[in-house]
Amino acid sequence: MREYIPVLLFLLVAFGFAAGTIALSSIIVPLRRNAVKNSAYECGVVPMGDARQRVAIKFYLVAVLFILFDIEAVFLYPWAVAFRQLGLYGLVEMALFIVVLFIGYVYLLKKRALEWE
Amino acid sequence: MTPVPAPQLIALDWWALGAVIALSAGAMLLLLLEFVPAKPGSSRAAVLSLLTLAISAAAVFVARDARRSIFDGMFVHDGFTVFFTLLFCAIGAVSVLLSWDYVRRTGIHHAEYYVLLLCATLGMIVMAASNDLITIFVGLELMSLGLYVLVGFRRAHLESNEAALKYFLLGAFASGFLLYGIALLYGATGTTSLTRMAAFLSESPLRGNPMFVAGGLLLLTGFAFKVAAVPFHMWTPDAYDGAPTSVTAFMSAGAKAAGFAALLRVGLTALGGMPAEWGPILSAIAILTMTVGNVTALLQTNLKRMLAYSSIAHAGYILVALVAGGRDGASAALFYLAVYSFMNLGAFGIVTMLGRGREERVLVSDLAGLGFRQPLVGLAMTVFMISLGGIPPTAGFMGKVYVFKVALGAGLVPLVIIGVLNSVVSVFYYLRVTVALYMQEPQGEPTEVSWAAPAVVALLVTLALTLWWGIQAHDLLLEAQRSVMGLL
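Residue numbers (this note's numbering), protein chains in the order written: chain C, 1 to 117; chain G, 1 to 488.
If we strip away everything but chain G, and leave its shape as in the complex, we get (with noise of 0.2 Å):
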């Protein structure tokens, strides 16, 4: 054992750290915060999640430009960290709005809600910061442990309960497929140091070899539950519909960026690339995912069920950009994971706006008529549904064309006529919701909406977004390009 050099304080650099720490505090405050009485109806947890989010972000913006490898080497600040970590803060900000009255009219409103809000939020950015496969499993667990608890937030619903369970028993043995994919990596390299094994790799490269094709395989299986890909996705639709209607829009956007965020920065890292061995699983887990995902969606009339197929096939074609491989198809995919946040968050949020007090309106058939009574959600539905579907002129058509031309460029010509079948197939079921919502007319008592300020900033925001990146698309594509660049 050679004697570990005592490490200095000074070697760190704050601002790098700065998201991690400022989001750390916050939620320990908050926490403490607990415990000072607050006037019946404050919003105090709330806003200083906000604020928290906001130092965060504003953290790891200032020091944007720097490029720094911390903690030998386990958490490194690069282009790839800053971009993610500014699309979590802003998933987890947008997450905080829209839960601002859902919590409360659905009567879970407690501090804890928003302290694992936070910590989950850590845990992906953690994910997406490593550079050591031992901290990327310590900010997946960060960040499950929160989503398993948010899950079964309605203690008082049985469909909430047994989400959080499923969830958590799917997921404990997910996290144990990643593990053992670790160790099995770590015995075939020597390390778990993402550069020292591309260093390792690129003196004896381990081509066939059992154990490492092994570990990769095993690797990929931990994350492709964490993104919902087929066959790893049996848990999504019952984990969506059950958990409170805020998480399910946090967990669809958040849990599936952080995924693919670990996954390409082990990819592109550590194997130098997507492995040759990958390619044809890829090909088929991604063509699976597209297929059962907006097959199955067809069917569904529970309106949280249909966005959960939609995410699940939604992963496929971030999986078609990654079968692409190198930097370009890494850069469409985080083109297209930025997009997806923000559609899918808009989408599930205005489910959260649906009926009064606790009353939740979650199916199809409770938009009808919707559209012309509430202008505003109705045209906000319309635009995010479009959006889903990949018609222009909004941001999910332009990370479709990202996705599928960086695909073509690498040869994937069945890839591509699979996905964009899918993608009309798609089309049918999400037209289905705007059809509900303006030809027609509703059964029974028609469905109220809960107005509250935060919620609509949240969808102004992504609604927002979903047209402008639809327009100006090349600004984010330079941005998820640069940070691929940047990749330490």
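For reference, chain C alone in the conformation it holds in the complex (with noise of 0.2 Å):
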């Protein structure tokens, strides 16, 4: 367990260092409120309506299609670095991963799923 003391040190520190600060703005900031102060504040406009509502399924279908293409994006970089010692056949196992992910993009755009309006 020796080896995790750092961590523990670490750990402390960041939460120290967190409530301490909290604890010290409070202790010695000079306490002005009112009315505008005490809104909540959201982008600098007055906040309206309820936060919680309904969103258009079409970003939840973008953001889905994102993390696919990006995961292909993150798998190509390992693959990239280990180039030659895979050789052909990372190659040939890179390229059938690529068509798998090329099929379901291809019938992506037949289906219309990236287009917004």
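No wet-lab data here; the hints were simulated from the structure. Heads up, the beta-carbon is just placed ideally off N, CA and C, and yes, glycines get one too. Keep in mind that a hint or two might mislead.
[Claimed, not checked] Here are the computed lysine-lysine pairs in the BS3-like style, where the Cα-Cα straight-line distance is at most 30 Å: (1) G/Lys39 - C/Lys111; (2) C/Lys110 - G/Lys39; (3) C/Lys58 - G/Lys405; (4) G/Lys405 - C/Lys111; (5) C/Lys58 - C/Lys111; (6) C/Lys110 - C/Lys37.
[What the hints assert, rightly or not] A few chain G positions that, by computed beta-carbon distances, are all more than 10 Å from chain C: (7) Ser24; (8) Met28; (9) Glu34; (10) Arg68; (11) Glu159; (12) Ile287; (13) Leu298; (14) Pro442; (15) Val449; (16) Leu467; (17) Gln472.
[Said to hold, decoys possible] Quick list of the computed label-pair ranges, beta carbon to beta carbon: (18) G/Gly409 - C/Pro78: 46 to 54 Å; (19) G/Tyr180 - C/Phe69: 22 to 30 Å; (20) G/Gly187 - C/Tyr77: 23 to 31 Å; (21) C/Glu115 - G/Leu298: 46 to 54 Å; (22) C/Phe69 - G/Val295: 46 to 54 Å.
Mind docking these for me? Both chains are given alone in their own frames, and the hints should help you get the complex.
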């Protein structure tokens, strides 16, 4: 367990710093409250309505599709780094992987999943 | 870190991977074919699915005697894999035949339906053929994601959406349990490979190690959810009832068999038979599953819900074989799974045929008088009910005989008594269906039957197998024993 002591110290310092600064600012900052200061701040605009509302499903769709192709890119990096060791095998594997995703991409395009309107 | 040696293309055994390659390629081809316009009412998606499943089964059949360990031992091709691959291809093919007309008449005829069905079948095969906890998880997710969407395929129906959401949320939760279990087992043994886990455990048995026990139990929970064992069964009736009936048939047979396949392989390969700590827990789950399933099924008036509870009860009988443990228990479980799959596919298959057009008749009372008006439907349904109830001369009877025989051999007398009592209880609700078929007059409009050649073929195949294995059970049992012996 000895090797975990630095982690513990790190945690203590992190929590201590956060707690310390909040405590310090609450002690030394002069308090002058007024109506505007106490109102909820949202991008400088007066908040109106409930924040919990329905979001159009197309945002969800785009997010899911983004993750898919994002992961493809993430996998391409380690493959590029180990390209020489993996040789032909790696090339064929990666080509297969990309072909599978590409078929999905063609399907999406044809189903017009990427058209916003 | 030791450098990873460059893998060789030649090292792969193409026949052993044939089933997986064929199903992946078939599913992708089907997806692309969606954009090549077809004649309205064309059956090409169903035909192509059948062809894919046939190629897949043929590939694994050609290499049935080969024993291979591929991808650094993550994927194995042995007797167990061959048995389950053939079973899943058969389940998939029967489901495609049952879906053929059903999806068209209920207005859910899309190529995606068959794509998802093929992907789910692929997931089941990967689950049975995996020799590594991570690959098992990938297979399980592939199967589950396909099934979640298939359950919600009747988009316009509120029940279908509800079923899909319930199945998805609880399924995701169960996947979490499973993954946590895998993580703990990895922490305890330092590997996810089943073979290496077995080697580690033979050197240093982790009896009573909390991390190991907790990991194993979480893993068990994840699988118990997939096979619908009590107390992880709550999703089953709703999901089975809301799903399109052809999907219910597919998942009730396939997902259960896949869950048991993975559980059996983990138990037999990694843990050297079911661990002793699991004995009382598995017994308790088995007793609860049989009893709750059967007693609740007594109260159902909806045929799909009744069959859902009956499928829960059947998971309980298979669990009895698992409690008995060892290779004998495993082969009895394999036999029961094969038999159960076909009689259940047949029973749900008849439900897909009830009603005309968009209308679906799913109540037990809808069967009233159907036995005389449609003799084939009456006869087939009666045989499936008798078989599910475990009455000779049907396959269901032989399945129960083997399971209880193995359990008696292991000295599990109380478990066998409870199992037999449960079988007696179950006969009551199975026979109620027969009574409705032959001894009741229809109230209101009599149920019409949608006849379609593919569904009739599926019906005849399942009927023939249910009767054949009831008379000639020995062949199938030998196959089951051989495949368990051949476990790599």
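Comparing the hints with the structure gives:
With a C-alpha separation of about 19 Å, the suggested pair G/Lys39 and C/Lys111 falls inside the 30 Å cut-off, and the hint holds. This hinted pair checks out: C/Lys110 and G/Lys39 have alpha carbons roughly 19 Å apart, not beyond 30 Å. For the given pair, C/Lys58 sits about 57 Å from G/Lys405 by alpha-carbon distance, which is inconsistent with the 30 Å threshold. Between G/Lys405 and C/Lys111, the direct Cα distance comes to roughly 55 Å. Violation of the 30 Å bound is thereby established for this hinted pair.
For the proposed pair C/Lys58 and C/Lys111, the alpha carbon gap of about 13 Å is at most 30 Å, so the pair holds. Straight-line distance between C-alpha atoms of C/Lys110 and C/Lys37 comes to about 52 Å, which puts the hinted pair past the 30 Å bound. Residue placement check: G/Ser24 does not keep its beta carbon more than 10 Å from all beta carbons of chain C (closest about 8 Å). Distance check on G/Met28: its Cβ comes as close as 5 Å (rounded) to a Cβ of chain C, failing to clear the 10 Å threshold; non-interface status is violated.
Under the 10 Å C-beta cut-off, the non-interface status given to G/Glu34 relative to chain C is violated; the minimum distance is some 7 Å. Once the 10 Å rule is applied to beta carbons, G/Arg68 is consistent with being away from chain C; the minimum gap is 18 Å. Non-interface call for G/Glu159 relative to chain C: holds, since the shortest CB-CB distance, roughly 21 Å, exceeds 10 Å. The Cβ of G/Ile287 lies farther than 10 Å from every Cβ of chain C, with a closest approach of about 42 Å, so its non-interface assignment holds.
Chain C leaves G/Leu298 outside its interface by the beta-carbon criterion, the shortest separation being 42 Å against a cut-off of 10 Å. Look at G/Pro442: its CB is around 44 Å from the nearest CB on chain C, clear of 10 Å, so calling it non-interface holds up. With a closest Cβ-Cβ approach of about 36 Å to chain C, G/Val449 is found to remain outside the 10 Å limit, as its non-interface label requires. Against the 10 Å criterion, G/Leu467 stays outside the reach of chain C, whose nearest CB is about 42 Å from its own CB.
With a closest Cβ-Cβ approach of about 43 Å to chain C, G/Gln472 is found to remain outside the 10 Å limit, as its non-interface label requires. Distance hint check: the CB atoms of G/Gly409 and C/Pro78 are about 52 Å apart, consistent with the given range 46 to 54 Å. Between G/Tyr180 and C/Phe69 the Cβ separation comes to about 29 Å, which falls inside the hinted range of 22 to 30 Å. Between G/Gly187 and C/Tyr77, the C-beta spacing of about 28 Å keeps the proposed range 23 to 31 Å intact.
At roughly 53 Å, the beta carbons of C/Glu115 and G/Leu298 sit within the given window of 46 to 54 Å. About 50 Å separates the C-beta atoms of C/Phe69 and G/Val295, a value consistent with the hinted range of 46 to 54 Å.
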